[in-house]
Amino acid sequence: MRRVRRLALQYGLVVLAALLLNFVLPRLAAGDPIDYLMPPESSPLVTPEQREAILASYDLDGSNTEQFVTYIKNLTSGDLGVSIRTGQPVRDVVVGRLGWSVLLVGVAVAASTVVGVLLGFAAGWRRGTKRDIVLLSGVLAVDALPAFFVGLMLLLTFSVKLDWFPVYGAVAAADISGWARVTDVARRLVLPASTLVLAGAGSIFVASRSALVSELGEDYVFMARAKGLNDRAVRRHAQRNALLPVSTAVLLGFSTLVGAATVVETVFSYPGLGSLAFDSVLARDYPVLQGVFLLLALIAIGANFLNDLLYPRLDPRVKDIG
Amino acid sequence: MKSRTTALFAVLFVLLAGTVSVSAQEDETVSLTIGLHAAEKNFNPLIRPMAQPLTHDLTNLVYDTLFWSQASESPEGFLATGAESSDDARTWTITLREGVKWHDGEAFTADDVAFTFQFISDLGGPSRYGHHVTDYPTFVSAEVVDDFTVVLNFEDPIPTFKFLPGGDLPILPEHIWSQIDEPLTYATELPIGTGPFEMVEYVPDTSYRLVANEDYFLGDVTVDELIMPVVRNAQAAWAGLESGELDFVTRNVPSNLIDGMRDNPDLEIIEGSRLQSVYLMFNTRRPILNDATVRRAISMSLDLDVFVNLVEGGLARPGNDTWTHPDSAWAHPTGGHVFDVAAANTMLDDAGYTMGDDGVRVSPDGDRLEWTLYVNSFAPPQIRSGELVAEQVAAIGVAVTVESLDPAAISSLRRPGPDGPPNIDMFINTFEAHAHADPDALLFFFHSPGDIGVGGFFSGLADPEFDALAVAATELSAEERVAVGNVAVQEKLAELMPAVTLFYPDGRWAYRPAAYDGWVSDPGHGVFNKKSFIASYVDAARAAEDPPVADEAADTEDAPATEEASATEDAPTTDDAPTTEDAPADAETSSDDGNSGLLLAVAGAAVVLAGGAFFVRRKNARAGTVQD
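Those protein sequence lines, which keep their order, are chains A and B. Its first residue numbered 1, the first sequence is counted upward by one per residue in our numbering. Its first residue numbered 1001, the second sequence is counted upward by one per residue in our numbering.
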């Protein structure tokens, strides 16, 4: 219990640091929201009073310190401000996009875990064989390709040449509902999710493979073989223990995938948090950027926290060290 | 294990394949899917964020103007049926069309027109249309005479009222906008207009759905439904057009794709004018750049045909030193560009700029002729133009470094500081139709910084002679301006050279004729404009013999005017002319790689993998090892 409290304290500090960074980083870029709202042709016609009034309507008037205080104050009451680009409350904008991101990244994490672990164990079990080397070099080669490139390649192959999947969006803009909507969403999910799987399975593959390899070198495996256990039984024992480090790789890989999702969402015009962040950076939409980064930071921190909490349960040996 | 893996993949594959089955249901309604390159909020006409295509063609699907359009030779009545000016052109009496209804069923009346002018005037400069009523000419008041007559009073003469603001400023419903607290940021509700389409669904940043206005005052609307997803990635948009998922894309077809699209039997290319220009602007408040001789010499060192060929693949026209687009009603009769490196060098020598040892000239004060040129990092044509400028000005001993930044950063650099001019040397940007259609554009952009115009954000040019000429021109009738007034202003501008127009890009769009082929090219608005959906214009364009698939920029005489409404209207239906979008915030990838680059890369990767496999195989065979 003490461990949990200490962890919570540590993570609390990290969240505070994240809040400050989220506030400062968007403001470091040249230009401000007025440069987006009022392009050069009109901005000379904006009087200083009008400028202040517009900024005030977004709670962006006053010095940076004042803005930060207002931001934190509003945050405690759950108010994230209003988007400069869309005029909606940031909470609505972010929540509206979150669903698509959870779907996309969730499916991608699940699929890349399955693919990565299966292939990793298959390679690790027969380390040094042809199969291992082909898998290892193949997976690493794919993993090294940039996500936007993989995305475009899939798009050109499966959408343009084969005409199997749509090229944009999470759901058709047309008025559809029911089962048609479900299949439409699924079809539009395939390419972006596959891109993320190709981008994300590599690290899980490597983690599973090396975990299994090191387990296979353990004394208990030697013992098991000496006892005459068959391959199947040996493999079952070793794989179970090898899953421990893999769980860490999955949770950490989650954050990487969120980053990759920004690129993939832009390629496929997928309305998730990544493309929202991209558009908001261009518009200097500070309130949305603060909201998105805060949420992403919380997710990443949460994943780590979960991992820290989960690990002692998965592996009792860690308790003593912690 | 092996069998289990196989089974798992089989299940995954079946799941995926199951979702592939397409359910295409076809009914009577004509529904078009249009890939937009950027979102325009809820079409709030007052906002002009950078990502918004500046001609507001989307807005004009839902809203109407009194006349249409700003860029035609003679605007025809839309919401207005006529407009009479007083002798001094300061007072205009507008007669309005009767029986027009807003999308919510309320009647359109003179109150709405009076309200719109007063409302935008009260808001002041910041709105998109603010300069029409607050800057020059200045709106004074509106009087409602009866339900369908309104009198507008201006402080200055405004002989060109029918063009601007008449042909540009959208009329807003008083019963809606009088209730809106913060109109400049209002962006969440569905808009109510009088236009041919009514917006029924809006997913911010993602998509729009518009349905035809059954009661449109200009008659039938040819398309029942417009589904308009925002497809940010240019490659994805072209892919969607080729696969049939999209019927039209609002982007200009890049020159590297145009041949492939012409060969595709499912696609057609239509050309049209959007009156755009790509220009290089000098900050004339900088030392040395404040010398017109230096600016003229730089202009003379630029071979604009090279820009046309290398940046636009030949699908553009070289810029005129007289600035205004050759297809604009206000263009200089001859235009032309002086390209003469030797003369430029002589000019600089004579002015005392001596060539340094490193090939860069030095001013009499000892300063190097060395500057930074900013270009929009999301607009490849601008980046390439910047590189060409840097390359060509080297021939006259000028050193230019190109730097690309995102649009908001460039805007902030262009903003004058509290105590002085902005800290920028020069930049490249694109002007949309409005800058060429507005007869007062030159006054607006190049008048000395101060009460009139926005010169401070552009070159900061301060030349009393130019100011006097430009102000005098505003008092002339449209005919006098074409013949004399604007000619003098443009010639003065060419002499002062605060900016170099590099080229006027051609407009070309691709569409699927099987889905819809009623596209009408409207000068200054391209083909994605409301006329493409109004039956009378569509029929007239179809009747005008060879439909708008003109391949060659032949200056054919204008297609016969349609029977609709007032005299002239949209003269050239099949038009050569320029355009190109490049909305700043859209990562246009018109780079030359495209599909072939991808295929090459894939082939390369395959070769590498195959090589690796072969190597591993040989190694294993030699070692003869099989573990386990």
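Don't take each hint at face value.
Covered stretches of chain B, as calculated for chain A (at least 3 residues, CB under 8 Å) [said to hold, decoys possible]:
(1) 1090–1100
(2) 1183–1193
(3) 1238–1244
(4) 1358–1371
Hints were generated in silico from the structure; no laboratory data involved. Even for Gly, the Cβ is constructed at its ideal location relative to N, Cα and C.
Consistency of the hints with the structure:
| no. | hint | in the structure |
| --- | --- | --- |
| 1 | 1090–1100 | violated (count 0) |
| 2 | 1183–1193 | holds (count 5) |
| 3 | 1238–1244 | holds (count 5) |
| 4 | 1358–1371 | violated (count 0) |
Hints 1 and 4, counting from the list given before, are not met by this structure.
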